[in-house]
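A.B. asks: Since chain A is already given, all that's left is putting chains B, C and D on it; use the hints.
4 protein chains.
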Amino acid sequence: MSTYQPKPKDHFTFGLWTLQNRGRDPFGVEVRDVFPPVEIVRTLSELGAYGVNFHDNDLVPIEASLQERDRIVAEFKQALADYKMKVPMVTVNLFTDPVFRDGAFTSNRRQVRQYAVNKAMTAIDLGAELGAEVFVLWGGREGTEVDASKDPRQALQHYAEGVNYLCEYVRNQGYDIKVALEAKPNEPRGDLYLPTTGAMLAFIETLAHPEMVGVNPEVAHEQMSGLNMYHQVAQALYAGKLFHIDLNDQKFSRFDQDLRFGSENLKAAFFLVKLLEDAHYTGMRHFDAHAYRTEDGAGVQAFARGCMRTYLILQDKVRRFNADAEIQGLLRTIHAEQGEGTLEFSHDSLKTLRNLAFDRVAEGARGHGYEQLDQLTVEVLMGVR
Amino acid sequence: MSTYQPKPKDHFTFGLWTLQNRGRDPFGVEVRDVFPPVEIVRTLSELGAYGVNFHDNDLVPIEASLQERDRIVAEFKQALADYKMKVPMVTVNLFTDPVFRDGAFTSNRRQVRQYAVNKAMTAIDLGAELGAEVFVLWGGREGTEVDASKDPRQALQHYAEGVNYLCEYVRNQGYDIKVALEAKPNEPRGDLYLPTTGAMLAFIETLAHPEMVGVNPEVAHEQMSGLNMYHQVAQALYAGKLFHIDLNDQKFSRFDQDLRFGSENLKAAFFLVKLLEDAHYTGMRHFDAHAYRTEDGAGVQAFARGCMRTYLILQDKVRRFNADAEIQGLLRTIHAEQGEGTLEFSHDSLKTLRNLAFDRVAEGARGHGYEQLDQLTVEVLMGVR
Amino acid sequence: MSTYQPKPKDHFTFGLWTLQNRGRDPFGVEVRDVFPPVEIVRTLSELGAYGVNFHDNDLVPIEASLQERDRIVAEFKQALADYKMKVPMVTVNLFTDPVFRDGAFTSNRRQVRQYAVNKAMTAIDLGAELGAEVFVLWGGREGTEVDASKDPRQALQHYAEGVNYLCEYVRNQGYDIKVALEAKPNEPRGDLYLPTTGAMLAFIETLAHPEMVGVNPEVAHEQMSGLNMYHQVAQALYAGKLFHIDLNDQKFSRFDQDLRFGSENLKAAFFLVKLLEDAHYTGMRHFDAHAYRTEDGAGVQAFARGCMRTYLILQDKVRRFNADAEIQGLLRTIHAEQGEGTLEFSHDSLKTLRNLAFDRVAEGARGHGYEQLDQLTVEVLMGVR
Amino acid sequence: MSTYQPKPKDHFTFGLWTLQNRGRDPFGVEVRDVFPPVEIVRTLSELGAYGVNFHDNDLVPIEASLQERDRIVAEFKQALADYKMKVPMVTVNLFTDPVFRDGAFTSNRRQVRQYAVNKAMTAIDLGAELGAEVFVLWGGREGTEVDASKDPRQALQHYAEGVNYLCEYVRNQGYDIKVALEAKPNEPRGDLYLPTTGAMLAFIETLAHPEMVGVNPEVAHEQMSGLNMYHQVAQALYAGKLFHIDLNDQKFSRFDQDLRFGSENLKAAFFLVKLLEDAHYTGMRHFDAHAYRTEDGAGVQAFARGCMRTYLILQDKVRRFNADAEIQGLLRTIHAEQGEGTLEFSHDSLKTLRNLAFDRVAEGARGHGYEQLDQLTVEVLMGVR
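Chains as they are written, first to last, in the numbering used here: chain A, 1 to 385; chain B, 1 to 385; chain C, 1 to 385; chain D, 1 to 385.
With the rest of the complex left out, here is chain A (with noise of 0.2 Å):
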């Protein structure tokens, strides 16, 4: 089972808040004690991970002073030297505090929409400073209980001002830095604007610099609302806009529970590894979820091991699926009257596709051997071929 150590090459990621998590839940108070950043940091590292992102709040808080923000980042940065840490992503904490309560972006207090561009700002140049080339931004708190109280064209004018204005300072500033946006369709609002990937990736193109704004899908938001996370990253991909990625796991349709990666939809898990490795996807794979309440210090690192473990679990499976000689002479057949590029628009293919002669009912008679297929792939996820 060594095969399934995690190496740097591996490029996983965790969240700096992922394993701070302390178990606090809407039900329960804190269970864990505080897991310092850089004590994280060594952790991480020993476990085999690439590197940790994190929240602006969560290395420096918000009430911190600027020598106090100083001392922190200086005593953050010589941790990730000393384990060879990476920072690849860095993110803004814009619904956490009481006056983020309305929204951030979208509130409907312009003041507190100059704070929150002015938080992100300072986030990114945290995130300069350590050398990270992503920006994610989640608007946790960017939607409504009340639908009387905003007009949405409007609150979506007032997002796109506030990406807007930040792209502009990216370019400013010249950071190498690309942004990536996280859609989440509720939960802590009652419902979130831009709920999904795809709503994301058609506001991106409603934005003034489109070309460095890309999507960072999260496994549990999307199935949230019992969408397919394959085919949802799958779209990002089409549209060139796969930025980052937070990999955990959520049973549908319920509270974002952020489960540890693989641990509850192995066949949907599967499906996504093989996307991203079948893409050659050069991106961070990023973990965004904790232990379980139930879990001590010991749990957490247990944790951390086994979703990187499980993806490189289901990074074999995967290589498995793709050299099944059975599975690919199915496909082969599945696939073999495909074709190509043949539904160009001219005169001749109109002609072509006018007088085409198809049999219909024969074709729809004809099966495809999916059950087949997908038996196989399940025996392959099962380990018994």
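Treat the hints with caution; some may be incorrect.
A pair holds if it fits inside one copy or across any two, identical chains being indistinguishable in the list.
What the hints assert, rightly or not - Think about it this way: if two alpha-carbon atoms lie no more than 20 Å apart in a straight line, the pair counts; the simulated SDA-like pairs of lysine to any residue are:
(1) LYS77 x LEU126
(2) LYS84 x LEU47
(3) LYS351 x ARG110
(4) LYS267 x GLU379
(5) LYS77 x PHE35
(6) LYS77 x ALA128
(7) LYS267 x GLN315
(8) LYS267 x VAL384
(9) LYS351 x TYR169
(10) LYS351 x LEU66
(11) LYS84 x GLN301
(12) LYS267 x LEU376
(13) LYS267 x ASP151
(14) LYS351 x ASN172
(15) LYS178 x ALA128
(16) LYS84 x VAL38
(17) LYS351 x ASN118
(18) LYS351 x ASP125
(19) LYS351 x TYR175
(20) LYS267 x ARG385
Hints listed in this document are in silico derivations from the structure and should not be mistaken for laboratory results.
C.D. replies: Chains B, C and D only, in chain A's frame:
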């Protein structure tokens, strides 16, 4: 209550298929007699509708000869003329026939894709002949149960080829027709590609002629994913892409129910009507729903009347909401500090933001008055103010 | 609108915790000040409520000394007397403290189970002291994320042991208190045991004293599973087990929202009120919800007022529905052939059934008039008839 | 892999309807040929199944004359004998025919209820003739879309009358047959009464002969409500009421998919198999699912083979889990302080509880090791340990 009497100027339309629905479902056979298209035209006209829409095969059976087709269409045109009914939209059935069992535009088989495009062009021709301005495309079989069977990136490529071909065809023929894509998350396939209106809006931006392609959001389809229809339609309006709309209702996160408009989620229906009215949406108010399986012909008429009547009642509620002094007073307070245009990037604005004097704690302590606002909304809805 | 003014005889109650809610959620810290129990009693009394309910630790902190406890309880009793407020129900908090992180009655650790039972007895003692007639038990941590950790059959056995112990204790002490079990499908645990009111009703029949145990269905908890609350409460009434009820609201199939009663699903709320009123339910109308995180103290009061006001408006709608000649006429037709008591087994009835003259096809062709019935219901709800 | 070859002793059964399924769905017509019952018997026998179950009308059309019925049954019996196949269960179709459009046992029309009971008795007679030991009852139309149409308390009363009549009939005829009730939350009705296995278990306790009535939980039906099937079946076992089981699969919170067992939620399927095996469940492993609409006859066979094969693979995983030294060591630690029988009420035990020396804070700080336990479970499932 005569104010709730629908008139052609209200622009209500129904699909032929909605009144044709014979009550068949996965566990039961048909319970109602055939309702011939000509009779439906008469009935809808008498009920006050503006027009009727259809899938090609709602009117012309898939097996019809050209001669039969011409006879059927002529008879239908006569009925439209007799009863002063329009056909503002036409669509194509790419899901009933066994030939589409694994998709139409995304089939793994080239000839199926070609046949599907051809069928869609024929439907467009028929629409053009009858004066339709919108061609709706719902890819009811574009998806999978077995994710091993298709690369979803290639499926999107195939999907785009199909839509691009249709756009070129419309341009080539000089038709004044726009294309409206309709999303659905699942059913009849395990998962459908482009499952939400957001995903469709993003997909449109990858097409060859995005300017002639928009969306046709359906209430029930978004609610199947637990999404807020009001927000999704707002995004379509924000993107200038609301070309058509399907009004109906649905309990969240379950099978596609296609219930009478406003029969389940009154508050959601109210905000949707409010958005369409406030935005001065000029398109059709199209109902895509059907009577319960418990109903006979009289029930089908009650269903159609109910859809229109509830829309008009909600339209009246919107007027009351917009004229309610207490509500509007609350909203003025809520929006008092909204400001506009303050987030355009410049050296000056950057300096302003960086030096923002802002009392985060005081702002965070403010209450927003949304419980009161929502209660007043609910009371308008219940007719007690 | 003075008719919608709540009065003590309406038997509205709130949990202390509902007004105590400070707006903390999984992604945000507290936004509202502490609202002391005595102040809550006064406020609720002024708003027209009948009483106030609480978890042990809503009133007495878990760390309080006996002396502090006595001081707090005395002060609280004085407030109840001063403001003529009752405590019809008491409950126990078995979920906040870390000790319950893997369950209370279903913990894998004997001492945790013993401690939980002891804590519950102390809560019952306090309830008895204050005149409570119902002890609600919500096992907020009785469940799992990791199904390998517990045999669910043994967990149910442990759960039953705990409830049985409490029943014996109540009998032993001679308290006039009934136990009401509250179900929830998930959150905070991945899955909670006995996830629906139906499951609770079944569990009760396996207890040592089923006659003293009933249920406390909560609107939001059933709707989290997409279930029809009206049907679930009807089953509880049918079984003679509706001992208490938690009124609030919730969008289906998502996180526990605890929204203001009637704020999301008006039609569902209407039928629930109709059932309680038609069945002459004599228990409390208890609200278990809280104000949005956007609110301050004024919003908390608006929330509480709104819950009661909406109940009273719906009560009025029920009267109108029951008095509406057209609706009642339709219902008489629908129920005309209902018959009663015809299905008691005997040789004669068997012969009757075996020789039933019945025109299946004719009966199958009948329409039921439900579209019309539902439309009229919706119109009553919207106040246009 | 020969170990995964099904044999009659494995007690696998299929419904006739599962292989009869012709791929019709709400949006598409039939795609597969008729598969005659006698051919199904042969096929299932060759695949290694133990028996075949059916609804009355799967075998005998509703319009069949007595003579036709006798011919069909004789031919079927011969096939059973020829291929050594059993009929362990029979059920009745109370949902396909239009006569049941508003329910069978809960219809508002007395004659429909009488007809339904009569039809069920005839099905029971047929089952008895063929040696069935279980009669499954799924009330596929017992529910509503329009809650104004029925008092749900009366509906339950009618439901109980029907089941009671059948029980008396079975007793009267001296049949050795038990009744198993099957729950489903919705589809084809908007909401079905008694929507969960829990609700059914509770309902059974209100019947005249609860001792002869149990449940038939179906994986997909519980998962449509987002419930944990493992927990629901455990409750049925706990109550001594698991008389039959329907194995299949389903994505959570959507339409009824009836997918191949284990094809979607492998971990959930594993725990279900574990429960059945650990509890030494002696009943049938019945599959109620069908092949995808993409399949032809070969695909239908692949589907049936896959169901059984996956069960056997999971059975093997259960053996490995139960024999895994690291997992069992972890479980011994987790359960070390479980204790038993400590919560029986007595003056002594009360005194013990009241004086419990217990360090709440220390206990609350303990970690439970569940991340590690779950990771090891997932690794057993993936075949890497």
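A.B. asks: Taking each numbered hint in turn, which are not upheld by the structure, reported in ascending numerical order?
C.D. replies: none
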